[in-house]
Amino acid sequence: MNLNATLIAQLVVFFILGWFTMKYVWPPLMKALDERAAKIAEGLAAADKAKTDLALAEKRAVEELRKAREEAAAMRSNAEQQAAKLIEEARVEASQIINRAQRAAEEEARASVQRVLQELREEVARLALVGAEQILRREIDAKAHAELIQRLKEELK
Amino acid sequence: MAASGQGPTASEYVIHHLTHLNTLGHPQESLVDFSVLHLDTFFFATGLGMLTVWLLYRAARHATSGVPGRFQNFVEMLVELVNEQAKGIIHNPESRKFVAPLALTVFVWIFWMNFMDLLPVDLLPRIWEGIYVAAGGDPHHAYLRVVPTADLNATLGMSIAVLLISLYYNLKIKGVGGWVHELFTAPFGSHPLLYPVNFAMQIIEYIAKTVSHGMRLFGNLYAGELIFILIAMLGGTATVFGFLGHVIAGSIWAIFHILIIVLQAFIFMMLTLVYIGQAHESH
Numbered sequence: 001m002n003l004n005a006t007l008i009a010q011l012v013v014f015f016i017l018g019w020f021t022m023k024y025v026w027p028p029l030m031k032a033l034d035e036r037a038a039k040i041a042e043g044l045a046a047a048d049k050a051k052t053d054l055a056l057a058e059k060r061a062v063e064e065l066r067k068a069r070e071e072a073a074a075m076r077s078n079a080e081q082q083a084a085k086l087i088e089e090a091r092v093e094a095s096q097i098i099n100r101a102q103r104a105a106e107e108e109a110r111a112s113v114q115r116v117l118q119e120l121r122e123e124v125a126r127l128a129l130v131g132a133e134q135i136l137r138r139e140i141d142a143k144a145h146a147e148l149i150q151r152l153k154e155e156l157k
Numbered sequence: 001m002a003a004s005g006q007g008p009t010a011s012e013y014v015i016h017h018l019t020h021l022n023t024l025g026h027p028q029e030s031l032v033d034f035s036v037l038h039l040d041t042f043f044f045a046t047g048l049g050m051l052t053v054w055l056l057y058r059a060a061r062h063a064t065s066g067v068p069g070r071f072q073n074f075v076e077m078l079v080e081l082v083n084e085q086a087k088g089i090i091h092n093p094e095s096r097k098f099v100a101p102l103a104l105t106v107f108v109w110i111f112w113m114n115f116m117d118l119l120p121v122d123l124l125p126r127i128w129e130g131i132y133v134a135a136g137g138d139p140h141h142a143y144l145r146v147v148p149t150a151d152l153n154a155t156l157g158m159s160i161a162v163l164l165i166s167l168y169y170n171l172k173i174k175g176v177g178g179w180v181h182e183l184f185t186a187p188f189g190s191h192p193l194l195y196p197v198n199f200a201m202q203i204i205e206y207i208a209k210t211v212s213h214g215m216r217l218f219g220n221l222y223a224g225e226l227i228f229i230l231i232a233m234l235g236g237t238a239t240v241f242g243f244l245g246h247v248i249a250g251s252i253w254a255i256f257h258i259l260i261i262v263l264q265a266f267i268f269m270m271l272t273l274v275y276i277g278q279a280h281e282s283h
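Chains B and G supply the protein sequences, listed in that same order. Take the first sequence: its position 44, counted from the start at 1, is 44 in our numbering, and no numbers get skipped. Take the second sequence: its position 102, counted from the start at 1, is 102 in our numbering, and no numbers get skipped.
Next comes chain B alone, as it looks inside the complex:
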């Protein structure tokens, strides 16, 4: 084992290599590492935020769904009520129409009866007149006896 200038040379090389690493190797590597760490932290934070956002959106969707369902149910019961009301109204109107028609028909019938009765009376009066005429033949003047016939007609009413 001998000591010699190799020792000095090694010492100098040692410092040069250390200096080089300090100057050109360490800073960019540390910078990249720090930047990546920051990036990863950012990414994780973003993922967390997305998760909470998603949960929020899900909650909102459920809420909306519930509201829509309630609205639909309300609409349906509304429509049912409306329909029931319409049916009720129709029923009332129909019964009114029927009543009215009934009344009209009764009136009509009554009027016809009156008319028929009137005709019958006149016929009877004419027949009676004809009969009396035949019985009395010229004895009876239609004009002179008009009052009598009229009274007869009145009595037959």
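Since the hints were made in silico from the structure, they are not lab data. Where hints are given, some of them may not hold.
Unchecked claim - Some chain G residues well away from chain B (every beta-carbon gap over 12 Å; in silico): (1) Glu29; (2) Ala63; (3) Arg70; (4) Ile89; (5) Val99; (6) Ala134; (7) Gly136; (8) Thr149; (9) Met158; (10) Leu171; (11) Gly175; (12) Ser190; (13) Phe199; (14) Ile203; (15) Lys209.
To be verified - Listed next, the in silico DSS-like pairs over lysine-lysine satisfying Cα-Cα at most 25 Å (straight line): (16) Lys51(B) - Lys39(B); (17) Lys39(B) - Lys87(G); (18) Lys39(B) - Lys49(B); (19) Lys23(B) - Lys209(G); (20) Lys97(G) - Lys172(G); (21) Lys97(G) - Lys87(G); (22) Lys87(G) - Lys209(G); (23) Lys87(G) - Lys23(B); (24) Lys153(B) - Lys143(B); (25) Lys97(G) - Lys39(B); (26) Lys97(G) - Lys174(G); (27) Lys209(G) - Lys174(G); (28) Lys97(G) - Lys209(G); (29) Lys87(G) - Lys31(B); (30) Lys87(G) - Lys174(G); (31) Lys49(B) - Lys59(B); (32) Lys87(G) - Lys172(G); (33) Lys59(B) - Lys172(G); (34) Lys209(G) - Lys172(G); (35) Lys31(B) - Lys97(G).
What the hints assert, rightly or not - Part of the chain B face toward chain G, derived, beta carbon under 10 Å: (36) Thr6; (37) Lys23; (38) Pro27; (39) Leu29; (40) Ala38.
The model shown is predicted, which means the values in this text are computed figures rather than measured ones. Cβ coordinates follow ideal geometry from the N, Cα and C atoms, glycine included.
Chain B is already provided as a structure; the job is to place chain G on it using the hints.
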């Protein structure tokens, strides 16, 4: 290496493998000589250092905050690992701007230097021998050691660099007065009689930390390399026993060594952080 006629003996083979290619052209004789340079250590350490920063730089250049590729992801994992360790040990963010990248480089760089140990022990030296002989050299002098961290110069060079950094931060954080005060009053307390003892303890501590820091890495890798050489010699006997021994022992040791090279790189990085971190704490 066949143990036939003109082949080297076992001890020659080992010594050849443990001899550095230096600027002298022959093994260094004196223990300390600062006019000599280990060319192989320098070449591989610097080359692997450049590979390290190139790889890291590539990841850094393409770094975006988007989805990372596999390579970028891996580098970022390393960066995070080192950054976490640095944050736990050094509480001064201003110091971390230099110390954390340094620790990253140290970790990756030492890993690559240790990794050279997993290459077959004879692969690169054989190629080098071919080149050396082709260039007209003597094959006996074609020395090459490929594991820079198995060279005490490299590991001590780095641990001394860590020492210098920790001295710098001592001065920066505590100021000259504060640090001198600490040198003389810690660890035993502030009393004129204790000043020399404290100072001696501090000096011993700094030396012990630095030497053990460098020696630990060196020792592990040197021993690992030596064992690979010894295992290679098993195969070198060219017998069935040797072949099987080489395959089995080599596999086991290589697999175990995968742990060692990463662990030692990690330990060196952690101690770098700890020693520099200590410079930030006042006693």
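Status of each hint after checking the structure:
Non-interface status of glutamate 29(G) relative to chain B is broken: a Cβ of that chain comes within 12 Å, the nearest being about 8 Å off. Here alanine 63(G) does not stay apart from chain B, with its beta-carbon only about 4 Å from theirs, under the 12 Å limit. For arginine 70(G), the requirement that its beta carbon stay farther than 12 Å from each beta carbon of chain B is met, with the minimum near 15 Å. For isoleucine 89(G), the condition that its CB be more than 12 Å from all CB atoms of chain B holds, with the nearest at approximately 17 Å.
With a least CB separation of 9 Å from chain B, valine 99(G) falls inside the 12 Å interface cut-off, contrary to its annotation. Here alanine 134(G) stays apart from chain B, with its beta-carbon at least about 26 Å from theirs, past the 12 Å limit. Non-interface status of glycine 136(G) relative to chain B is upheld: no Cβ of that chain comes within 12 Å, the nearest being about 26 Å off. At roughly 10 Å from the closest C-beta of chain B, the C-beta of threonine 149(G) falls inside 12 Å, breaking its exclusion from the interface.
Look at methionine 158(G): its CB is around 5 Å from the nearest CB on chain B, not clear of 12 Å, so calling it non-interface is violated. The Cβ of leucine 171(G) sits about 17 Å from the closest Cβ of chain B, beyond the 12 Å cut-off, so the non-interface label holds. Chain B leaves glycine 175(G) outside its interface by the beta-carbon criterion, the shortest separation being 23 Å against a cut-off of 12 Å. Distance to chain B confirms serine 190(G) as a non-interface residue, since its nearest Cβ pair spans about 35 Å, more than 12 Å.
Remark: the non-interface label on phenylalanine 199(G) is consistent with the geometry, its nearest Cβ contact in chain B lying 26 Å away (cut-off 12 Å). Isoleucine 203(G), annotated as away from the interface, keeps every beta carbon of chain B farther than 12 Å; the closest lies near 20 Å. No Cβ of chain B approaches the Cβ of lysine 209(G) within 12 Å, the least distance being about 16 Å, so the stated non-interface status holds. Using a Cα cut-off of 25 Å, the hinted pair lysine 51(B) and lysine 39(B) holds, with the two alpha carbons roughly 18 Å apart.
Distance restraint check for lysine 39(B) and lysine 87(G): the Cα-Cα separation of roughly 23 Å lies within the 25 Å cut-off, and the hinted pair is therefore satisfied. A C-alpha spacing of about 15 Å is found between lysine 39(B) and lysine 49(B), which places the hinted pair at or below 25 Å, so the restraint holds. Taking the CA atoms of lysine 23(B) and lysine 209(G), the gap is about 28 Å. The hint is violated against a cut of 25 Å. A distance of roughly 15 Å separates the Cα atoms of lysine 97(G) and lysine 172(G); the hinted pair therefore holds under the 25 Å criterion.
For the suggested pair lysine 97(G) and lysine 87(G), the alpha carbons sit about 11 Å apart, so the restraint of at most 25 Å is met. Among the hinted pairs, lysine 87(G) with lysine 209(G) is consistent with the structure: their alpha-carbon atoms are about 22 Å apart, no more than 25 Å. Between the alpha carbons of lysine 87(G) and lysine 23(B) the distance comes to roughly 19 Å, so the proposed pair stays at or under 25 Å and holds. Under the criterion of a C-alpha separation no larger than 25 Å, the hint pairing lysine 153(B) with lysine 143(B) is consistent with the structure, at around 15 Å.
Between lysine 97(G) and lysine 39(B), the direct Cα distance comes to roughly 24 Å. Compliance with the 25 Å bound is thereby established for this hinted pair. Note on lysine 97(G) and lysine 174(G): the hinted pairing holds, with a Cα-Cα distance of about 19 Å set against a maximum of 25 Å. Taking the CA atoms of lysine 209(G) and lysine 174(G), the gap is about 20 Å. The hint holds against a cut of 25 Å. A distance of roughly 24 Å separates the Cα atoms of lysine 97(G) and lysine 209(G); the hinted pair therefore holds under the 25 Å criterion.
A distance of roughly 16 Å separates the Cα atoms of lysine 87(G) and lysine 31(B); the hinted pair therefore holds under the 25 Å criterion. Using a Cα cut-off of 25 Å, the hinted pair lysine 87(G) and lysine 174(G) holds, with the two alpha carbons roughly 20 Å apart. Distance restraint check for lysine 49(B) and lysine 59(B): the Cα-Cα separation of roughly 15 Å lies within the 25 Å cut-off, and the hinted pair is therefore satisfied. Restraint check: the Cα-Cα separation between lysine 87(G) and lysine 172(G) comes to about 19 Å, which is no more than 25 Å; the hinted pair holds.
Of the supplied pair hints, the one linking lysine 59(B) and lysine 172(G) is violated, its CA atoms being roughly 63 Å apart against a limit of 25 Å. Taking the CA atoms of lysine 209(G) and lysine 172(G), the gap is near 20 Å; set against the 25 Å cutoff, the hint holds. Between lysine 31(B) and lysine 97(G) the alpha-carbon distance is near 13 Å, which keeps this suggested pair within the 25 Å criterion. Against a cut-off of 10 Å between C-beta atoms, the interface hint on threonine 6(B) holds, since the closest Cβ of chain G lies about 4 Å away.
Annotation: lysine 23(B) was flagged as interfacial toward chain G, and the flag holds, the nearest CB pair being 8 Å apart, inside 10 Å. Interface restraint check: proline 27(B) against chain G, minimum CB-CB distance 8 Å, threshold 10 Å, status holds. Annotation: leucine 29(B) was flagged as interfacial toward chain G, and the flag holds, the nearest CB pair being 5 Å apart, inside 10 Å. Annotation: alanine 38(B) was flagged as interfacial toward chain G, and the flag holds, the nearest CB pair being 8 Å apart, inside 10 Å.
Hint compliance for this structure: hints 1, 2, 5, 8, 9, 19, 33 are not met, and every other hint is.
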